[in-house]
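**Q** Top to bottom, those sequences are chains A and B.
Residue numbers are given in the working numbering: position 76 of the first sequence equals residue 76, and the series is strictly consecutive.
Residue numbers are given in the working numbering: position 9 of the second sequence equals residue 9, and the series is strictly consecutive.
Everything labelled a hint here was simulated from the structure, so no lab data went into it.
Treat the hints loosely; a few may be bogus.
One-sided excerpt, in silico: chain A residues whose CB lies under 7 Å from chain B [to be verified]:
| id | residue |
| --- | --- |
| 1 | Asp20 |
| 2 | Leu30 |
| 3 | Met49 |
| 4 | Arg124 |
| 5 | Thr125 |
Computed far set for chain A versus chain B, every beta-carbon distance over 10 Å [to be verified]:
| id | residue |
| --- | --- |
| 6 | His31 |
| 7 | Pro96 |
| 8 | Val139 |
| 9 | Pro157 |
Quick list of simulated restraints, FRET-style, between CB atoms [unchecked claim]:
| id | chain 1 | residue 1 | chain 2 | residue 2 | range |
| --- | --- | --- | --- | --- | --- |
| 10 | B | Glu142 | A | Val126 | 26 to 36 Å |
| 11 | B | Glu189 | A | Gly97 | 32 to 42 Å |
| 12 | B | Arg22 | A | Thr10 | 40 to 50 Å |
| 13 | A | Thr4 | B | Gln25 | 17 to 27 Å |
| 14 | B | His68 | A | Ala39 | 26 to 36 Å |
Cβ coordinates follow ideal geometry from the N, Cα and C atoms, glycine included.
Residue strings, one per chain:
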Amino acid sequence: MNTTPDPETTLAAGPIDDVDAFVLTQIRHLHEVLDPLPADLTDRITFAMSVAALEAEVAEIVSSATLETVRSTQYDRADTVTFASDGLSVMVSIEPGATLTVDIAGWVSETDVEVELRERGRTRTVTTDADGRFTFAAVERGLVSFVLRRRADLSAPPIITPAIEV
Amino acid sequence: MQTDAGADSLAIRAADAFRAYRSGQSAAMATLVEDVTPLLWHLARQQGLSHQGAEDVVQNTWLKLVEHAPSIADPQSVLKWLITTTKRESWSVVARGHRDEPSPYDDVREQEPDTTAPSPEDSLLTDLESQLVWQHFTTLPERCKTLLRVIAFAEKPDYAAIAAALGMPVGSIGPTRGRCLAKLRAALETDPHWEMTS
Chain A
1 MNTTPDPETT
11 LAAGPIDDVD
21 AFVLTQIRHL
31 HEVLDPLPAD
41 LTDRITFAMS
51 VAALEAEVAE
61 IVSSATLETV
71 RSTQYDRADT
81 VTFASDGLSV
91 MVSIEPGATL
101 TVDIAGWVSE
111 TDVEVELRER
121 GRTRTVTTDA
131 DGRFTFAAVE
141 RGLVSFVLRR
151 RADLSAPPII
161 TPAIEV
Chain B
1 MQTDAGADSL
11 AIRAADAFRA
21 YRSGQSAAMA
31 TLVEDVTPLL
41 WHLARQQGLS
51 HQGAEDVVQN
61 TWLKLVEHAP
71 SIADPQSVLK
81 WLITTTKRES
91 WSVVARGHRD
101 EPSPYDDVRE
111 QEPDTTAPSP
121 EDSLLTDLES
131 QLVWQHFTTL
141 PERCKTLLRV
151 IAFAEKPDYA
161 AIAAALGMPV
171 GSIGPTRGRC
181 LAKLRAALET
191 DPHWEMTS
């Protein structure tokens, strides 16, 4: 008589079926619940990668007015955040636009600076006007950061701001 | 949710995003990170790293990708590259950690209370099937736990390539069940409480 292979060997040679798919979904779900990815890990990674890819200087947030409070209240007023690095400061005001977007108005302490806005899904670039001002309309709510380059010296490392929630 | 043609393969989605990133679309990087980080996190954690250790390893893996992006010849292999890098980094952290073991004189109360394996609260495992899957999953050999935990964060067409990236032999999983999934399935099917049949 031939020996019958043990059930595990038979199972191992079989194709992956719906029950296996169910079991793997359960394994995924259990790990998502029991050992979740830290909430802001992917945002921090994306930011660190941007800094590394640009070999950028990271600006510091020197002041942020109402940044925390406005998220918990419904005050219809602008947030203002000021960043500084390497002798350059940039102030941005976030003004609620439509429900899902905001408008951003900013001012840089120097002129002739290129300002790149990094949103989750896209980037766009403007150049400051003669007074150092710039605007971005209809910015999707979420995390954004700014990359600033002095146009007079484009070979110098750009300045990147930490991500802020708008 | 992705709805493009590569939606049923994490490797293809990752390759598309990586190609876009290399061609100058810096925003594609965020998509790639969002898509693949969960898998890398669970790989690092399954290697026995603390929360902080796993965060550092995963972040370093991505930073290495920035550094090595120009030298990765085939974008199609980026998922494999990320997995092998995370695995290697995890091993080296674990090895370093063992060398830095606290002396018996260190106060144990100052040590990180962070367990490396998740410990389920009963309330989280509300239905019987989840309880059974968890119960039998935890008794699998360590390499099977790693394989199944990692592929659970990918799609079926990716299984065989992920097993290879983890250093598991051909046939570990996909298109057939392979040993690890078979072990778990056999354990479930001999459990009198398990009622699912194929």
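**Q** Confirm or reject each hint.
**A** Cross-check of the supplied hints:
1. For aspartate 20 of chain A, the interface hint holds, since its Cβ comes within 7 Å of a Cβ in chain B; the closest pair sits about 6 Å apart.
2. Annotation: interface hint on leucine 30 of chain A holds; nearest CB of chain B at approximately 5 Å, less than 7 Å.
3. Checking methionine 49 of chain A against chain B: minimum C-beta separation of about 5 Å stays under 7 Å; hint holds.
4. Proximity of arginine 124 of chain A to chain B is violated relative to the hint, the smallest CB-CB distance being about 10 Å (cut-off 7 Å).
5. Hint status for threonine 125 of chain A: violated, given a least beta-carbon distance of 11 Å to chain B, over 7 Å.
6. Some Cβ of chain B comes within 10 Å of the Cβ of histidine 31 of chain A; the nearest lies about 6 Å off, and the non-interface call is violated.
7. Look at proline 96 of chain A: its CB is around 24 Å from the nearest CB on chain B, clear of 10 Å, so calling it non-interface holds up.
8. The Cβ of valine 139 of chain A sits about 14 Å from the closest Cβ of chain B, beyond the 10 Å cut-off, so the non-interface label holds.
9. Consistency note on proline 157 of chain A: stated as away from chain B, and its beta-carbon is indeed over 10 Å from all of that chain's, at 15 Å minimum.
10. Take glutamate 142 of chain B and valine 126 of chain A: their Cβ atoms lie about 53 Å apart, and the range 26 to 36 Å is violated.
11. For glutamate 189 of chain B paired with glycine 97 of chain A, a C-beta distance near 57 Å fails the hint of 32 to 42 Å.
12. At about 45 Å, the beta-carbon gap between arginine 22 of chain B and threonine 10 of chain A stays in the expected band of 40 to 50 Å.
13. Look at threonine 4 of chain A against glutamine 25 of chain B: about 57 Å separates their beta carbons, and that is not inside 17 to 27 Å.
14. At about 28 Å, the beta-carbon gap between histidine 68 of chain B and alanine 39 of chain A stays in the expected band of 26 to 36 Å.
Hints 4, 5, 6, 10, 11 and 13 from the list above are not met by this structure, while the remaining hints are.
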